[in-house]
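Given chain A's structure and the hints, the job is docking chain B onto it.
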Amino acid sequence: MLRLDPETGKQKWYTTDGAKSVLSAIISILIGMAVGMIIIVIVGLTKDNISAKGIWEGVRLVFLGVFSTGRESGALTFGFNPVNMGNMLFRATPLIMTGLSVAVAFKTGLFNIGAAGQYLMGTMGTLTVGLTLGNTDCPVLIAWIAAFLTGVILGGFWGAIPGIFKAYLNINEVITCIMTNWIAANLVTWWFDAHDIFKNSAEGGKVGYIIPLKNVGVVTPKMGTDVLFPGSQANGGIWIACIIAVAMLILLNKTTFGYELKACGSNRHAAKYAGINDKKNIILSMVISGALAAGGASLYYLSGNTEFFWSTYMSLPSEGFNGIPVALLAANNPVAVIFTGIFMSMLNVAGMQLKYLTAYNEYIADIIIAVIVYLSAFSMFIKQLLNGREKKKGGNK
Amino acid sequence: MVFLIQQTLLFAVPLMIVALAGVCAERSGVINLALEGIMIFGAFIGVLFIRTMQEMNLFDKEQGQILMILALFVAAICGSIFSLLLAFSAINLKADQTIGGTALNMLAPAIVLFLIVMIAQQNTIGMVKGGAASWFMLRPSSFGLPKDYSWGFLIDILINKVYLSTYICIIVFVIVSVILYKTKFGLRLRSCGENPQAADSLGINVFKMRYAGVMLSGFLAGMGGFNYALTTAGCTSNGDVAGYGFLALAVMIFGNWTPINIAAGGLIFGLFKCIASTYATLDINGDGIYMLSEIGISPYVYRMLPYVITLVVLAFTSKSSRVPKAEGIPYDKGQR
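Chains A and B, in that order, give the protein sequences. Taking numbering that gives the first Met the number 0, the leading residue of the first sequence gets 0, the next gets one more, and so forth. Taking numbering that gives the first Met the number 0, the leading residue of the second sequence gets 0, the next gets one more, and so forth.
To be clear, the hints were calculated from the coordinates, so they are not data collected in a lab. Cβ coordinates follow ideal geometry from the N, Cα and C atoms, glycine included. Treat the hints with care, since some could be wrong.
[Said to hold, decoys possible] Computed footprint of chain A on chain B; a stretch qualifies when at least three of its residues, placed anywhere within it, have a C-beta under 8 Å from a C-beta of chain A:
(1) 83-93
(2) 98-112
(3) 241-249
(4) 306-317
Same shape as in the complex, but just chain A (with noise of 0.2 Å):
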């Protein structure tokens, strides 16, 4: 049921796909934030240590946390931080990676949850061949290229097996990716346990951590955000996500290789029909996924001040997840995950802000990620309830 402007004969916007999808996405954020903010005022109402003006900052910081400037004379203060900005853009980093990642699985029908596995074989390569080459007299250009390429090529590899499963077995990805996840976690652990040259041991009181790269000097440029964002951790992968999220717009949509990705996501057999190879492109599709997925950890890592706690084996790393939000609210659109994933992110920040100038907590950033999520589990149901909308005001064609 298109609706036609008379006048020039052609749909208009707002009745696109892609207005819909951005519609339903916003419609998503702002019930994810009211539930957020529902849940400070009763939380607020229930505890003694709350007053009605903490609970109004609360309300206040989950929505600008990003401007916050912290307080003066006990009132909450906003405007422009560059610290905040930074750090916000610095996090968006990894969550644009993992974004892209569960992007391009879902365009080849491919529900990629195994990020967090293939984030975790990222961070293990990148880390190990980073710092091995930083402690040679290896050029700082060529340590970081091998150590980027490596977690890539490991996080592909890693991606690969749900992909070959899938491809040749006919078996649930989702399992499968649950399965490798764990796997990872318990790998990297036991690959940093039985090396003792990577942990960090020389700065007392902090136990369990790996060497962070900048001590062998093998970091990222900061490529101008040094300037923008003085003060803050934002360095040059920022750009380099936002060029591989061009690069994936561009394979996705204008390439045969990309139309054959997206005819296996929509109809498998119907593509197989057609004489393309199914199998190569779910693999391959698994396998681009899971590189994109582990080059946000090491874009993450070569920042350089970023430490990774490697006895990980209970738990996995949340931009994993957080990629399905990320891919989700921008309808698998690679353009569009740069956006959602600083709106990730600047959740996040947000939630630091909390924890920091109230008594509240970060973890309400993630709780309204985690609503975000449900809410897109049924995004279908919210277009179909706009298309219905329409239907009622429409009438005519």
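Leaving out everything else, chain B in the frame of chain A:
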């Protein structure tokens, strides 16, 4: 040896019951990936319940077992309520069940941690007074016998220094298995996971059955979650059950969606888990030699093995898998 068997049981029982929780949901046609989340939620509620009761001074140490049983069922019921979120999105709104489950897996630790930090100003809550061992563990003294009393090898394994909740879970496991496979209700529930259209045509309300499946699943997962928190984590909750929910999924697949195989799978995976956490001090035949630590295999290998085995099993049984045929597909009345 006594220690090994008891520890294995300790690890295996939560796995078994949560794996059965997965079966309940999947047999009714809904993939329940949220097992981990429901476990986390159940664990938190159970611990919170015990904490609140202790603060209100309603229970003494002597009534510890009653308090524990109450907490177990409160956790189970809250797990059931929490799983309604999954049921609503998967059944009523026909949403993608994998994403819905993932959402619950993210939501549970977020809410639980948020509340824990608000309540305790730290990342973990436990009991107000005493510990899991002193309040809830069965000992000769809890039967009014002297401390070093021994019933002999076999009974020692079963009732000395174990938790009653383990046995309650085993009993519930048996009851639910019987319900699923030997009653009219169970048959109807399973039919909704195999061919919902056929079930509907015979007058079975598919929506109701799927709600029942998911809520039963939440009940068992909440119970398993609290059992984990009580026995393995010493009655504390920190928004994490160390991937037990996912391991339970592995057990479910390994057990090919049938209770007896799941019980066996739970025991095998529980043994690996037990070896991994105690391998350095494990003295199997009591001759003072720590055999496993002398072999020198990293504990992470034992921790990894369940997942690797599941992958291998999947690879070899993909043709004869007993996976419910309609799982993951929202029921649409108009579809044939």
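To see whether the hints hold, each was checked on the structure:
1. 83-93: holds (count 4)
2. 98-112: holds (count 12)
3. 241-249: n = 6 at 8 Å, threshold three: holds.
4. 306-317: Held - the region 306-317 of chain B has 7 residues with a Cβ nearer than 8 Å to chain A, which meets the minimum of three.
Violation of the numbered hints given earlier is absent; every hint is satisfied by the structure.
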